[in-house]
Structure formats: structure tokens, C-alpha cells
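A.B. asks: Now for the letters of each chain:
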Amino acid sequence: MKRILLLLICAATLAYQQEKAVLSGFVRDKANKESLPFANVYIKQLKIGAATNIEGYYAIPNIPEGEYEVQYSLLGYQPQTVLINTMQNKRIVQDIYLSDQSVQISEVVINAEAEEEKRTTQTGRIVLQARDIATLPTIGEADVFRALQLMPGVKATSEISSGLNVRGGSTDQNLILLDGTVVYNPSHLFGFFSTFNNDAIKDIDLMKGGFPAEYGGRLSSVLNVTNIDGDRVNTHGKASISLLSTRVTGEGPLGNGSWFLSGRRTYFDQFVAAAKLDTGKDAIPLYYFYDANAKLNQDFDENDKVSFVGYLGQDDLKFALGQNELSINMRWGNRTGALKWTHVFNQTLFSNFTASYSRYVSRTIFNFGGTGFAQSNSINDFSLKGDLDFFWTNDHLIKIGAWWSQYRVTYTTSGDGDPYEFLERPAQASFYVQDEWRASERWTLQGGVRVEYQDLSKQTGVGPRFNARYNVDESSSIKFATGLYYQFLMAVPAGSDNGFSPFDIWVPINKKMTMSKSYDFVLGYESRHLEGMSISLETYYKIFRDILYFKNEITYTKDVSELFYSGTGRALGGEIFIQKKVGDLTGMIGYTLAWTYRKYPQLNNGEEFQPKYDRRNDVTFAANYQLDENWKFGTVFTYATGQAYTQAVGEYSTFEQGIRTDRPLAGPLFNRRLSPYHRMDVSITKRASFFGLHGSWYFQIFNIYNRRNVWFKAFDTSKNPTEITDVKLLPIIPTFGLDFSF
Amino acid sequence: MKKNIFVLIILIFSAITGCEETSTAIEYRKEVVVNGTLTANQNIDTLRLHWTGQVDKFYDLDALAISNATVIVRGVDVNFYDSLIYDASNPGRYYSTDANKKIIPTKTYKLEVSVPGWAKQVTATTTVPDTFRITSATLNNGDTVKYDLFAPVHEFYWSSSNNYATYLPTITYLDSNAAMIPKAFYSDTTSKDFRKPEIIGYRIGLPKEQQNSDLPWVFLSYYGNIQFDVYAVDFNFSDYINQIIPAQGGELKEIRFNVQGGIGIFSARTKASGGFKIYLKP
Chain F
588 MKRILLLLIC AATLAYQQEK AVLSGFVRDK ANKESLPFAN VYIKQLKIGA ATNIEGYYAI
648 PNIPEGEYEV QYSLLGYQPQ TVLINTMQNK RIVQDIYLSD QSVQISEVVI NAEAEEEKRT
708 TQTGRIVLQA RDIATLPTIG EADVFRALQL MPGVKATSEI SSGLNVRGGS TDQNLILLDG
768 TVVYNPSHLF GFFSTFNNDA IKDIDLMKGG FPAEYGGRLS SVLNVTNIDG DRVNTHGKAS
828 ISLLSTRVTG EGPLGNGSWF LSGRRTYFDQ FVAAAKLDTG KDAIPLYYFY DANAKLNQDF
888 DENDKVSFVG YLGQDDLKFA LGQNELSINM RWGNRTGALK WTHVFNQTLF SNFTASYSRY
948 VSRTIFNFGG TGFAQSNSIN DFSLKGDLDF FWTNDHLIKI GAWWSQYRVT YTTSGDGDPY
1008 EFLERPAQAS FYVQDEWRAS ERWTLQGGVR VEYQDLSKQT GVGPRFNARY NVDESSSIKF
1068 ATGLYYQFLM AVPAGSDNGF SPFDIWVPIN KKMTMSKSYD FVLGYESRHL EGMSISLETY
1128 YKIFRDILYF KNEITYTKDV SELFYSGTGR ALGGEIFIQK KVGDLTGMIG YTLAWTYRKY
1188 PQLNNGEEFQ PKYDRRNDVT FAANYQLDEN WKFGTVFTYA TGQAYTQAVG EYSTFEQGIR
1248 TDRPLAGPLF NRRLSPYHRM DVSITKRASF FGLHGSWYFQ IFNIYNRRNV WFKAFDTSKN
1308 PTEITDVKLL PIIPTFGLDF SF
Chain C
2 MKKNIFVLII LIFSAITGCE ETSTAIEYRK EVVVNGTLTA NQNIDTLRLH WTGQVDKFYD
62 LDALAISNAT VIVRGVDVNF YDSLIYDASN PGRYYSTDAN KKIIPTKTYK LEVSVPGWAK
122 QVTATTTVPD TFRITSATLN NGDTVKYDLF APVHEFYWSS SNNYATYLPT ITYLDSNAAM
182 IPKAFYSDTT SKDFRKPEII GYRIGLPKEQ QNSDLPWVFL SYYGNIQFDV YAVDFNFSDY
242 INQIIPAQGG ELKEIRFNVQ GGIGIFSART KASGGFKIYL KP
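Going down the list, the protein sequences come from chains F and C. My numbering puts the first sequence at residues 588 to 1329. My numbering puts the second sequence at residues 2 to 283.
Hints should not be assumed to be uniformly reliable.
[Claimed, not checked] So these bits of chain F aren't anywhere near chain C, every CB distance computed over 10 angstroms:
1. K617
2. G663
3. V714
4. D790
5. L899
6. F932
7. G973
8. Q1021
9. V1236
10. I1291
[What the hints assert, rightly or not] Quick look at which bits of chain C chain F covers, simulated, 3 or more residues with Cβ under 8 angstroms:
11. 28-37
12. 55-62
13. 234-242
14. 262-271
No wet-lab data here; the hints were simulated from the structure. Note that the coordinates shown come from a computational prediction; the quantities given were computed from them, not determined experimentally. By construction, the Cβ of each residue, glycine as well, lies at the ideal position given by its N, Cα and C atoms.
All chains, please: the whole structure from these sequences, using the hints.
C.D. replies: Dropping the structure here:
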């Protein structure tokens, strides 16, 4: 790594010392000086440009002598043009501050989008900003995962799950990063909410497939959640009160940088305790969750910036019945912390070095009379990461990086027998190199390779990645992506593919197992021919090898390989995504046609089956209408093919130790469908003032026509004949809340 | 153009929703269900054969009894052959008529079942666990114990067996008229007219090597005379028991039956010597 770094510095210095000029800098928000990722920088006369990276940095090397107009643009901001003269100065550092543009002017949006779209080779990418998420009607409060579940190619097993099934992948196949730190169980309230507080988020970036070599360790997708940096100009805050929780956020300048702090807490437990409903025969459990996000940024000079980002979240459930007769105490949560140093070696060599720590712990203590039972599981991840962006020429952006992680995975249970303890300490290292080559006006190619090694299994994966983009004309393009991906860590689900649960346990593969892998092929077409609208069509084909299926059996083994069946799978489908981002009426239509298959020799007579999260058709329609300055209306309608389930094909009895038990006999796996899922949510938002504070109130109705969608089929053999019941999902739920700033 | 797109979208959506099918028909898979446990040092007392029932019809186990099967148990590594006889007074039950044909610990036995008019032959094999014994307990045989939910739990220990998969500590209530413990863990779920004496509880999921168990008060359901035993059971039994944890989320789980050509359990067990009895009073 040291040698590579030296080599790059030398190459960058040589490139830097060439006769031609270099333009670089940061693009920031004018109001709060926050960095703006994915902004476009374009020199019209030369037809060359760049996009800012996640830190808002850009560089355009090899600019010939002359005077040029440089255009800076980003969706939602007023574009800015700056004149540069490379005859007078060959090392131009130009930091730009873009003004927020609350009213979206069609032409500006289209131009900003078009410029960005012309460059990116990434397929299946969805970028959402916090304000996009906030406008979608939901239950309780805005939630990142619920917003993502509306997007084509992204599904949840149920509306009460925050797990993401992306293009036929299981919920543990997504790399979820909070400011670069892996989050292992991003859920609150048994998976009902995600851990990400929307007030703390700047944007989220989901790559549904064909992701580049700089990401790895998961088979299906990458979700990058970026927190707000904090206002570098003014100190201010905002607060929100909903039926579920209160959220408070503050931010402001600090030294030569900024701070940001956001927290939220639910108060269901306070209501229950105040009403004294937590005691007695019909006691209601005391439950709450809280989380807090913090960020500190300091610029030591124009080339060195340090930031610390932290997250702390916890769920707590207490239940007690009678005089010590029954008590349940559960506590689970994530803690993450990352220290990041951003260093600009010179204008063409940008770097990020991160030391991060991520910990997920779940503990349950159950006591019935004198008999106790305790269970806990945890994963600790200490990681060091380095990423270099080398702006070699106008046509080549080279990225090199390395990532080393040391994990500590534990699981313990203790009851009335001997305690069971599982402990593994695997380490994983990875290295990547990739080059984005703008081969011509029409062609952009990106190639890379990622090498990953895990010490417990002593296995190495070499994953080549390739993306290509062909600009058909000014407003449309064709994209292709392919890659080989590896995964060494798996989640043992507490349920069965229901998304995140506090009892999920992450386990590493061992030397008896083979690392999971997927081959991904994506072909897409994008068009912005219609004014104010973008249309994207994508098809994908994914092959899974050595993927694992949790047996869900009682076992005391410490050999992870005995917990799973190993098999294969494939997923294919097509997606249509139409977005309208300008005007009073904005929204999206998404449609997915998909097939997902799994095959394990030990299951379903060795025949292929479609898992629970296979959905043939999935349609989402979302719209927001801004009536005037004060009133805004929103709606979401979603329709999906019924979930797959396993039907009972008979009933049988066993006599275990003489005790007769009647049970349903499972038929072919997941060969039946529940009734189709559909639901409509609506919202009304009005700007208002509360005691002199500016804000808004909102009223939302989840499931407005009270469709009782089916969660699963229950088979109760204690009834005769067996009672087959549709267990229903949520009914109509209204929500009310206030947001205000101070 | 925009209008055309929206018309197209509505047409596609109508086509999609129109083509979605949700089948509600209930299938039926007819299988032979085997329930047989060989107990070491005893002859074969009971092996049950039934057909599977239809899940949407009244489930009458007696009516599903298979009465005309040929049932043979033969030794694989021991000279043993027993053709079981049907018990017309107990639907589905087959038994050995030769009291001298004892099941020998550590030996392997094969079950062969053929039913006239049913094409599949049903077979299964099991290996009988070795003998072992209860070595000590914090209670003595014949003790009278007062039920106290919050008192320290008692424990008992046993020696090691061989050829076994797991141990099953087991509770049998011996008094047919004993009163139910009001705050018992099972008091809400156990039928009030439960026919005693019968085994009510056994503990699953002990690590294979564990050779002790406690007697948690919460798992006791009835006062009166209670017998405590430990069984060593074979792989077939433990494999079945370990799989049947109800899957969360409501999905039915595919069960691995160690019976070829049918479903059910054909297993073997060995009871530890030194089981003990207590009298539990309120």
C-alpha cells in the first residue's frame, strides 16, 4: 500500500507539473457551506468536465491555455458560471458556493441532470435527499428504508419490515454504510423503523447492482447514507413532534468547521407508565428507542480536513407480570464512530483515510419465577480504510483503496443448563483499483478489480468489475454493468427472511464453507427527452453461487457451516422508473417485473424454488402537489404480486415420547401466493408559525382505504379441521406531527 | 407524448393486475406416517401407521389408521426379525407378540412397511443408544417436596451413553387425579382433562455432551407423584425435534423425515437406570 501511495504521489506530481493547467476545488452550499457531492463541473468550450466526489471535491487536469467558462450545477441549486484564465495561472483552486433554489426551474433541472447523467456509468442508482424522503406519506415519521422500498427493484418482505430485498438478494446482502461505517442491524422496533433519523441525513445513495470496485463484501447492493455536516455559517436548529417521537437537531459553526447533533426518542413508554398500564394482569410492555447522530468537522488548512462522526442508538423493552413471576428485559442497538482525515496531496490527488468502529449488541433476559434465561449477541467491527482519487487526465479518474476490518462476533445463551458461547474473531482485508475512462464524447468506460481475503476461511476473492456508458444523443444513453462480488459475513435470521430482527446474528464463514458470490449483469437505457421527466429502463440478470440458507433448527454447534445449507440462485427482471422532478406536480412511477430463484440440494427435493421475497409485479406511484406556498398534498400507491408462501398439503401426527402432536405437512416450498398487496397513503402539509417559530404541520393517513393485506397464513392444528387464517397487516393509521425551526 | 405514456402505463397496470392469480385450492399429499420408537431392552410395544389427513377436512386419526400393512423390523448388525401384528382395538397400532425379542443397545434395526395398493415401500433405520444411569440428584427417590416457584431448582446428573444423539430429561405424572399447579408455565395450555399417568414434559435441545439437568419449577404442571427419568435418544428423534421449532413469520417449514417412502419418526431410545420419584405437594 505504501509503495502504491508513493507511486501515485509521484505520478500525480508529474501530471501536476505538466504544462497544462489544473482546476480543482470544493463545491459547497452557499447558505451553510456544506460540501455538495455529485455536483457537475463543466467547461463548455472544451466539452470536458467532472463531478464532485462524496466530499464535494473535483479536479479537471490538462486544461490547455486559454480563457474558459466553467459551469457548476447541481439539482436543486442555482447554476453558477465562473471565468478562468489558464494563461495567467496554471494551478487554479476554485471553491464554489451554490445557492439553494427552492423553486425548481425546469430548464435548470434538466441541464443539471443531463450533465450528471452524461458522466456516470453507475447502473441502478437511486439518490434521495432528506427532503425527498420527508415528503412521502408514511406511518409515524419519515423513514429512509420505507422510502427506498417504494423504488423499483427494492422490496421488503412486509410493510412492517425495514429489510431491503434488492433485485433478488436477501436482506443481509446489502452493504449499509453510515458516513462510510458499516451498520449491521439498522432497525428499531423489531424492524419497523430504520436506525436512520431523517433529520440527520444529507442524502442516501443506493446502488442496486453493478457497483464499482471501491465497494465490496456484499452480493447485492450498496447503500451509502451521508449525515449532514453542520452549518458552517449560522447556529440554528429544528424540532419535530409526531405521535411516535420527538426529534431535535442542532448545528452550527465551530472553529474552522462545524458541528451537528441530532437526536430522537419515542415516548410510548412514558404514556404507558403515566397511565400505569405497565403493571397488573394485563400489563403492557414499556418500550422506547432513541438514537443520536453527531458530527464534528475541522479544516486545518485547505488541504487537510478532519471529521468525527458518531451514532448511538438503542431499543429498550421491559415487561413484568405479577410479583416477579415473569419478566422480560430486552435491549439492542448500534454504536458507530469514525474519524476521517481528508487530505489533498495536490490538486490531482485526493485522499480519505478512515478509522471506524461499529458495534451491534442485543441482549435478552427472561425470568419466569426462579428460572432465568439470557441471550446476547454482538458484532464488533474495527476498520481502517484508505481511498485515493487520482485525477490523472481529463479522461481518466483512477481510484485506489484498501480496507481492513477486524471483527469480533459473539453469541451466548444461558438458561437452566450449561451456557453456550460462540466467539469468532475473523479479519478481512480488501484492495481495489479502478479507472473511469471517458473514451470519447459518447463512451465512458469504468473497469476495476477488487481483491478480498478473509483469514478464517483463508479464501481470497478476485472480483473484476466493468461498467460502460454510451450516450446515444444529448438526452439519452445506454448503460451496461457487470461484476463478480463476494461475501464472507452472513446474518443468521431470527425469523425467516422477514428483514432485520434484534436477534439476527452475523457470522463469518469458516474454512469448511465457500465464500458466497454473485455475478451481476445489468443493461439499461435512460432518456430525458420529455421535458421535466426522466425515464429509465433497466434489465438485470444475477447468478448466485454458494449462497446460504439458514436451517433454523435447535443446535449447539460452534461450527457455522452446520447452521446453513449451501446452494445457488438466480434473479432476473426489468424495471421502469419515470420521475418528474419539476413543477407543482412532482412524483414517480416505478414498475418491476422480476423472478427470483433459489436451489439447495437438501430442500424442496433439490428443485428450484422462488423464495418468499420473489414478487412478479410491483408498481409504485408517488405524487406531490404544491398547491401554493403553504399547502402541499402527497400520495403513494403501491401494488405488488402476493408474497410466496408454502402451503400445507396434509396433516399428520407424531407421538414424541408418547405425546401426540398434530402438525401441518409442508408442500413444495413457496409455490403459492398470498393475495396481491396494495395500499394507498396520503399526506397534507401546511406551512405555519408556532409561537413565532416557522414550521409546518402535517397530517398523514397510512392505508387510506383500509386494505387489510395479508402478512402470512397461519395453520392452527389445535382446531379441527385445521384453521387456516390470513394474518393481516396494518389497518388505516392516521398520523399527525409538527416540524419547526429555531 | 406524455399523455400516451400515461395511457400506456394504465394499460400495463390493468394487464398486470388482471393476470395476477391467487390460488386458494388446498392440495392433498397422501403419505404413510410412521411413529415408532424402539426402547432398549424391551420388545416392540407400539409402532403406529396412519395416512396423512386432508388439512381442510375433519382430522380423525383413528379413521386414518392403516390396518392392513406388513410391518417387519429386522436387525442390520444383529440377528433379529420381528413381524408386527395389528391391534384392532387400538387403530393404527402394530406390536410385537414375542416378549423375548428384546431390542439390544448399540445395535441397528431396519423397519420395512408395505401397504397393499400403495406403491411405495416405507423403510427406515435406527441405532439404539447404549445403556447409562442417573448418578446423583439433589432430591432422593421418594422425597416429598413443597412446590415453591422461587425456591432454588434441583438438579440431577447422569453417566455417559454411546451411539446417541441427545439426552431427554423427562417428567411423568403418575397420579390420574392430581391437581394442576395454578401458576404453572403450562397451566394455560395443558388440557384440564389430560389423561394421567402420562409423560407431560421433556426437555429438548441439551448439548450432546451435557450430562446434567435441573428441575425448573416452572415446567411442573401437576402436584402429586412425579417420575423423573432421562432417555438417550437416537439421531432420528433428535433431528426431528430440533427441526420443529415453529418458523417465525408463519411460513411452514420443510421437515427432513428420516423415513424413506413416507414421513414420521422411526427412532430408538434407552432409559437411564436410576430414575426417581417424588411427591410434590402444594
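A.B. asks: All the hints need checking, so say for each whether the structure fits it.
C.D. replies: Hint-by-hint comparison with the structure:
1. K617: Answer for K617 of chain F: holds, closest chain C Cβ roughly 34 angstroms.
2. G663: G663 of chain F is indeed farther than 10 angstroms from all Cβ atoms of chain C, at 23 angstroms.
3. V714: holds (23 angstroms)
4. D790: Consistent with the label, D790 of chain F stays out of reach of chain C, its closest Cβ about 28 angstroms off (over 10 angstroms).
5. L899: holds (28 angstroms)
6. F932: holds (49 angstroms)
7. G973: Non-interface label stands for G973 of chain F: nearest chain C Cβ at 41 angstroms, farther than 10 angstroms.
8. Q1021: Non-interface label on Q1021 of chain F holds, nearest chain C Cβ at 36 angstroms vs cutoff 10 angstroms.
9. V1236: violated (4 angstroms)
10. I1291: About 19 angstroms separates I1291 of chain F from the closest Cβ of chain C, which puts it past 10 angstroms; holds.
11. 28-37: Coverage by chain F holds here, the residue count being 7 at a Cβ distance below 8 angstroms.
12. 55-62: With 7 residues closer than 8 angstroms to chain F, the stretch 55-62 of chain C meets the three-residue bar; holds.
13. 234-242: holds (count 3)
14. 262-271: holds (count 3)
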